[in-house]
Amino acid sequence: MSYSPEVRERLETDAKEIIGRYPKPRSALLPLLHLVQSEDGYVSDDGQEFCAEMLGLSKAEVVGVATFYTMYKRRPSGEYNVGVCINSLCAIMGGDQIWAELTEHAGVGHDETTSDGKITLERLECNAACDFAPVMMVNWEFFDNQTPESAKQLVDDLREGRPVVPTRGPGRLCTFKEASRVLAGFPDGQAGDGPSAAGPSLEGLKIAKANGWEAPRPGAQERGSEK
Amino acid sequence: MTQLTPVLTSNWDLPDSFTLDGYGEYSAARKALGTDPDAIIQMVKDSGLRGRGGAGFPTGMKWGFIPQNDGKPHYLVVNADESEPGTCKDIPLMMANPHSLIEGVIITSYAIRANHAFIYIRGEVLHVVRRVQAAVREAYEKGYLGTDIFGSGYDLELVVHSGAGAYICGEETALLDSLEGYRGQPRLKPPFPAVAGLYACPTVINNVESVASVPSIVANGADWFAGMGTEKSKGFGIFSLSGHVTRPGQYEAPLGITLRELLDMAGGIREGHELKFWTPGGSSTPIFTAEHLDVPLDFESVGAKGSMLGTRALQIFDETTCVVRAVLRWTEFYAHESCGKCTPCREGTYWLKQVLKRLEKGQGTEDDLVTITDIADNILGRSFCALGDGATSPIHSSVKHFRDEYLKHFEIGGCPFDPAASTVWGSK
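Line by line, the protein sequences are chains X and L.
Under the UniProt record's numbering, the first sequence has 135 at position 135, and the numbering climbs by one with no breaks.
Under the UniProt record's numbering, the second sequence has 281 at position 281, and the numbering climbs by one with no breaks.
Among the hints, a few may not be true.
[Said to hold, decoys possible] Below, computed lysine-lysine pairings styled on DSS-like, alpha-carbon distance capped at 25 Å:
1. L:Lys45 to L:Lys72
2. L:Lys353 to X:Lys24
3. L:Lys305 to L:Lys357
4. L:Lys400 to L:Lys353
5. X:Lys24 to L:Lys72
6. X:Lys206 to X:Lys152
7. X:Lys152 to X:Lys118
8. L:Lys232 to L:Lys341
9. L:Lys341 to X:Lys59
No lab work stands behind these hints, which were simulated from the structure alone.
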């Protein structure tokens, strides 16, 4: 099997734009693999072949790279990639319990997809939102401060097609394929959605403002914090 | 008492802080582009800015290593692959204030005579990628990027590049391999990236927060920046409090602030509990305990107490937490993320994980403590890059501070802690 001429033409146009961003073509490989995922939902055989052709690489070279990175799916996966952070801090704050209850509830485990093709569950390592622990990610959007109940509700909503909104992100949750296209470098126009910052991100600033604390004004410096 | 000093975080509460309207006119970049590049490098050297990505290498000195008039292209690569467990500052910074980073990129690139720069962002943060993409586009539309920026004759192309899930790509040479389209595995140094980096050309790799701090230094002066912080750890930094603390979050403060001061601001340890252990700068920095509450959080003081300032990722754990469980999870992380290039890290983290699993279940023996310490000794200093070294920090420090807790696991044949008690909802 290979891409239809129309798909092929569209992918080639995108691929050429990606390659044009870089001084050397091979640098385009990671975004090209994201592009392939935006078409197929995973890094397909055709997709690897396509990347190899576009960059003049052997397919083995492409496969070698694709298998190194955890975001590249090696088989068809769900419309929604639902991750639960199980690194120490989130695990201890409740991520372990969320994972246990969610896998039980959804009936699938790590890197497994529900039979309706909607949900793939994933155990995540730290996603850099520790002050919002326990953290979940759906298609790499933030779902902060989760509980076992909210996690199960989230998965139910996704499976039933009810609208789901990330805590810090766009007003509309996109599919895994759509997310992959943004990662390939093709914006979806949703950057302006959502807050600048929220919750814990603003704690320090709030305290500084409440106390009238500011960085020193230029030209008026004492050794600020030094006793 | 030390006061907070919001600079990079100062506009985060504006609804449009991530747009040019909410940020400003790039006045520092305008000023910089009318200045001799070497004067900018000198200014950053004078400011005392040290890398905010963990290692703390002096930023201006790094820039100064770039050979000039060598006829090769120079590159700036921003390391936005924030993945160290506990570290969560660059992600909100890029989400709320991406223009501070882009303005810093312009100034830094100009100083090192680069005409091409890259922001390598971890792929797992879609909305942050969107925000940075949009900010870059906005800067291009305004003529702040591209050709003849501000009429100075200086040209700069900036590419936003998404990673694909690999902690190791935060290691600067692995990041370069990844950006060149390879598996992200670290390179042998020397040659250092300043001489042979991206495409074997002179390259500066700086952390997001380091680069984003540069516009404030250019705008306010090296003395202004150096007036904050301590003698050898100058300026401000974002301190990220997470875990069992009343108000976790981002606190921007002069280096040298203490955890006691930060906890005071953050409402202390969650109600009814007390501090047990914490990381000063992510999971790769040896853990501290309550006896370290007054250690000034600067590079020297934290180092003198046997840990590292790292990324100021303060993960706080109270007395409900099993340290063995925490260390097991970090170890599983390192084993998962080991790139496989060198034997000590690849094999060592794998075996550490096996032994720790047994220990956590209470099925180990005291000999296992000797074994994990021995494995860690054989990883530390013998690995190809700092990932392996980092994996040993939780092992060595937890055995040092909490040996009895390990022993307790085999005495009772299981974990003496109730995991439900340490959850967010467990204490209610």
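Broken hints, by number: Hints 2, 3, 6, 8 not satisfied by this model.
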